[in-house]
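Colleague: Single-letter residue listing:
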Amino acid sequence: MTDEALVTNRNSDTPSTDRTDVFLAITVTALCANLWRFFMAYIECRNLTRTYTKASTTITPLDGLDLDIEEGSFVALMGPSGSGKTTLLNLIAGIDSPTSGSLMMGAVDVGKLSRSKLALWRSVNIGYIFQLYNLVPVLTAYENVELPLLLRNLSAKDRHKKVAAALELVGIDDRHDHFPRQLSGGQEQRVAIARAIVTDPKIIVADEPTGDLDRASAAEILSLLQQINVELGRTLIMVTHDPKTTKYAGRILHLDKGRLLELESSTASAPGIHP
Amino acid sequence: MPGLKFLPLVLKYLVRHRGRSLLSLGGVATAMFLFCSVQAMQQGVREATVRNANDTKLVVYRQDRYCPFTSNLPQNYEARIAKIPGVKSVVPVKVAVSNCRTGLDVVTFRGIPSDSFDLGSFSHAQITDGSVESWKRRSDAALLGERVAARRGLKVGDRAEIGGITIYVAGIMRSPEPQDQNVGYTHLDFIQRAGDNRAGIVTQFNVTVTDPGQLEATAKAIDDEFRTAQEPTTTWSEKNFVARATSDILEIITFARWLGWGCVVGVFALVFNAIVLSVQDRIKDHAIMQTLGYTNGLVARLIIAESMMISLAGGFLGVLAGVGVMSWGSFSLSVEGLSINIHAGWATVLFGLFLSAVTGILAGLVPAWQASRREIAACFRAV
Ligand SMILES: Nc1ncnc2c1ncn2[C@@H]1O[C@H](COP(=O)(O)OP(=O)(O)OP(=O)(O)O)[C@@H](O)[C@H]1O
Ligand SMILES: [Mg+2]
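For the record, the sequence lines run as chains A and B. Residue numbers for the first sequence follow our numbering, so the first one is 65 and each next one is one higher. Residue numbers for the second sequence follow our numbering, so the first one is 206 and each next one is one higher.
Careful: at least some of the hints might be erroneous.
Stated by the list, open to error - Calculated pairs, SDA-like style, for lysine to any residue (alpha carbon to alpha carbon, straight line, at most 25 Å): (1) A:K176 / B:G502; (2) A:K221 / A:G235; (3) A:K118 / A:R179; (4) A:K181 / B:K293; (5) A:K226 / A:F243; (6) B:K293 / B:S319; (7) B:K489 / A:L296; (8) A:K221 / B:I488; (9) B:K210 / A:L203.
Hints were generated in silico from the structure; no laboratory data involved.
Model the full assembly from the supplied sequences, consistent with the hints where possible.
Modeller: Structure below.
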């Protein structure tokens, strides 16, 4: 797998086909198949299993899970504590690797990438929002948002533009110079969201993003996430315990003992993007 | 190494635990100061005792005598030595020492005949202040080596009493020769009177040969000349003469080399400890960075850069202080009228800095490797 393929798997120009050129025809077919798959399901888990072995005990938080998630959808992931929600999220985000089964993200089999390739893939495709914000304490709000951009080949000026835009989008452009400890929980989470979206990732995962916030801040954060899903067209996968928060999502999945149960589809998300 | 745009990140982690970083820095600086001092002594030893191919200097001493107070030779040997083939110049020298102990501030007086003083026999010497003429005019005049003058704060025109001998400073002399830096050249008869008052007796003859390749042969020819005389001689190359006379102290200085390397090990331990502690504090930060797409290699390099910066910053301060003190103090270790000039130059500075950087990098390797191997997801659960 080349780095370029990691960075983008959407091939926008379709080469003109020459009927006599069998090779080209095959190429186009393969391309179309890829495009088709791309539109049908961006994330494709097949028989996805994650086990942890410690001493003689083996825990299997994910057990042969099959799941398709379309690009642009807003999925809420529910389930009792210990049901494997975070485990699934971590696999999708590429910060953990499956024990067996396949995890296709677009044309990339994420489970088979080397550690450094996976890091590169994450930097382009994933934005991760944590329950406890996980901002870097020694960095200001601005620097936290800039952190993922340092990996890009961008001038300081271009970085500044992107960071400013992201902070403005989440509505805390007046707190650039504040350190995480000087911000409220809701503000910290906004900074974390800005950090997750600043690189324009395809997929944003959020693990109980409102779990530590009061009702009002939670509602604000959820509308913000919904806005990112609808207006920016990002795929959003959110773990939540609160049934009320699921009204923002287009699709609700229920995990129990490592197995999946689809509950319902709501209509809150952008029409046409999700099923 | 990571790109420059990551520098602020590394610095922020360094100032995060200001107290701890400063302590590490201070420790590294102290150790590197010691290392530099030891290096400076080693350098002085090399300069004073290691012969090079261009050496043309011989010292004629009384046979079986090893100290300036017991080596007594008739001054009239001068003419006989001068006739030996290969000898370019001979200077009879009476040595008096301001203090007969071994110390850092001993001044050696060398009395030489005023008519024989000619800068030609001081091959690379130059008078930076005062003049040879004014030295010749006054019987109590002294030409001071730059080191003595700097250490004692003496300038031309001063009168000074050093070890019971009162001299008038007629000039300051700069010389690359180690044995010319820590001396005062006076008139031979002046020092003969000031010392044990024995006219016609000198301590040694300083001989210059025409051809460096003939150093050994000329030495042998001189000793042969006086083999049957009442006062037989032993002739050494100047560097060998110094090495022999200072051999006790050389042993100590050679041993001090281990002290220097011990300091480097100390730097390693200090930086290693600082980095291990600081990396343990931010397992989660590293997991966050990796989640954002930082490769484990980049995280490792950031840690190594941090380690190198502590070590290099501390090393910089230590080396600077070391070289500063050495240059300002102009110390010379003197034994029996011979000097080992403690000397810290650019080579010491560069070597010290290089060593600090390398030690820092090595100290960061293991913590960096450990941090980069951690499973990302597990780090979030652990904290
Ligand atoms: N590194 C690990 N080693 C051993 N067991 C683990 C590890 N990580 C997770 N588990 C186990 O896997 C199971 C699923 O954990 P996971 O964090 O995915 O649950 P969850 O659904 O996110 O729970 P919660 O709602 O409480 O966050 C748990 O039983 C947990 O103890
Ligand atoms: Mg969880």
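Colleague: Look at each hint and say if it fits the structure.
Modeller: Cross-check of the supplied hints:
| no. | hint | result |
| --- | --- | --- |
| 1 | A:K176 / B:G502 | 19 Å, holds |
| 2 | A:K221 / A:G235 | 21 Å, holds |
| 3 | A:K118 / A:R179 | 22 Å, holds |
| 4 | A:K181 / B:K293 | 75 Å, violated |
| 5 | A:K226 / A:F243 | 19 Å, holds |
| 6 | B:K293 / B:S319 | 18 Å, holds |
| 7 | B:K489 / A:L296 | 30 Å, violated |
| 8 | A:K221 / B:I488 | 31 Å, violated |
| 9 | B:K210 / A:L203 | 14 Å, holds |
Hints 4, 7, 8, counting from the list given before, are not met by this structure.
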